[in-house]
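Sequence order for the protein chains is A and B. The first sequence begins at 38 in my numbering and counts up one residue at a time. The second sequence begins at 38 in my numbering and counts up one residue at a time.
In short, the hints are calculated from the structure, not lab data. Glycine included, every Cβ here is placed at the ideal spot set by N, Cα and C. Among the clues, some could well be false.
Unchecked claim - Far from chain B, by Cβ distances over 12 Å, these chain A residues were calculated: (1) K108; (2) Q152; (3) E168; (4) A225; (5) G305.
Unchecked claim - Quick partial rundown of chain A residues pointing at chain B, CB under 10 Å, derived from the structure: (6) L39; (7) L43; (8) D45; (9) I96; (10) T256; (11) A293; (12) L297; (13) H302.
There are 2 protein chains.
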Amino acid sequence: MLFDSLPDRVTVYEVSPRDGLQNESAALDTAAKVQLVDALVSAGVPRIEVTSFVSPKWIPQLADAEALIAKLHEEGRASARYSALCPNPRGLTRVLDTSLREIAVFVSASDEHNQKNLNHTIDDTLAGMREVVHTAKNRGLFVRGCISTVWGFRSQDDVAPRRVAEIGRALRDMGCDELSLGDTMGIATPTRVRDVVVRVLDDHPAGAVSLHMHDTRGTALANVVAALELGVCSFDAAIGGLGGCPYAPGAAGNLATEDLVYMLHGMGIETGIDLDKLIAAGDVAAALVGRELPGKVHRASRAGRR
Amino acid sequence: MLFDSLPDRVTVYEVSPRDGLQNESAALDTAAKVQLVDALVSAGVPRIEVTSFVSPKWIPQLADAEALIAKLHEEGRASARYSALCPNPRGLTRVLDTSLREIAVFVSASDEHNQKNLNHTIDDTLAGMREVVHTAKNRGLFVRGCISTVWGFRSQDDVAPRRVAEIGRALRDMGCDELSLGDTMGIATPTRVRDVVVRVLDDHPAGAVSLHMHDTRGTALANVVAALELGVCSFDAAIGGLGGCPYAPGAAGNLATEDLVYMLHGMGIETGIDLDKLIAAGDVAAALVGRELPGKVHRASRAGRR
């Protein structure tokens, strides 16, 4: 019967401290970031991308990466498995001076987006990543390879699934331990998710593939269901739907962690997360950034309490 | 392969003129309602629930039901297939004095919700409906039987799928031509949708079942995908996500028609609707009610144009 072979358990990879806060105009101080991460850890979120080792010149909001990692790894503090974006060799040098054991590297599947975002061709970006991944693996780090605009930049038809699979193999071959496939523009639909995921799963075990869906057009959870049906059991999300849509201010970006967890639990799929505490973490996030967040469970919960 | 047997075509049943506008505090005048319906018809929306023949004492916003039907059926005006809610024999008497050929009757699957909403037990409500449906069928009307809170009132576990199937059979046996299954509280998840739909399809052809999902927790389109996989090919929606959540102001209610159509078209499923014109109809709706609507494609489109 339909849904009879869904995964029993899903891993949630939280991106709000990095992907959410880098899109906020005002930087939070390190203590505020620690407060957000603490709230997520306390809800049982198992993996968190906490910052980026990008140049503070580009993203001043995340300039405190070293201080944040040190604080989060303080003795006695409850912690989860942390990761950080690492865009280049200089970023990796900084990472290696911290206690962080996991990084994420990234490239676009759309040539146009890669040029706009990174000012390089995809091949040039892959060449630079190879160096970073090689060094990171030699130093024993876990490396996540993220592909953005997997489902297109201007429409879901402008990146061929075959091209995504090629880039996925390139990331695997340079040593990435897992892949995250991102619908950066929030334009994917379930059949197109199938087209890509089926090809990627030819080259990678399901346990090494995560989906990073945006909810810009309301399709994020429908796309998650398609991936679940194919055996994917790891999904990226951001508390309250924080961040993730620099191209269209006012539109929704990242899939909200609360929405993802609400649906998974309702389908009998375990996450190890306490939904009530997660909703409380969303309240912390909204208070810290000082604005209403777009996540639907977040909003329904707040409306219900008014 | 996954999704290989999805329907080729889906019928969209638009509820905004009734379900949307009855939840707006300020009533629109008849001309404004005609403008909204005209915009929907012009986009190719095939079926529209345009009003309710409820007592104007209860819902003054829809007191112009007769005038609206007369206006919409004026000679020379492009039109779709129209329907209206008909809560009781008195409402039916009013309907029969108009040119309307289709009504919708309704009952809750949750005892608690039926008591709160209609102040009757489910059995008493069904007895009253029987009389209305009998007369309507004798007069040659098409009758839609709507069940609300199909996926529960306080949680998705407080209404048994078996109970929904029983009520569905009661509606069929009294003469209803089709069923609409409503997730009034927006709490359903895909596996629970499967549990209910599989049972209901034991008693009704797939072509006689529509789903009315709310997006309060972001799961509406995921639930639509589950139903599509089971062969359901009719879905209720409201332009821009207008209306549908009287219990939690500020939270999202009805699934937005634009989000539904965006996903269906992206999956290669035809609706006969022009998405660009539908987005324009959403702009009309937002201008008429004078506030930002929650639909995601609606918001993304407006953000993209800013």
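Hint check results:
1. K108: 32 Å, holds
2. Q152: Non-interface label stands for Q152(A): nearest chain B Cβ at 20 Å, farther than 12 Å.
3. E168: 37 Å, holds
4. A225: 8 Å, violated
5. G305: 6 Å, violated
6. L39: 5 Å, holds
7. L43: With a closest approach of 8 Å, the L43(A) hint holds.
8. D45: 13 Å, violated
9. I96: Violated, because the Cβ-Cβ distance from I96(A) to chain B comes to roughly 22 Å (cut-off 10 Å).
10. T256: 5 Å, holds
11. A293: 7 Å, holds
12. L297: 8 Å, holds
13. H302: At about 8 Å, which falls below the 10 Å cut-off, the nearest Cβ of chain B leaves the hint on H302(A) intact, so it holds.
Violation of the numbered hints given earlier is confined to hints 4, 5, 8, 9; the remaining hints are satisfied by the structure.
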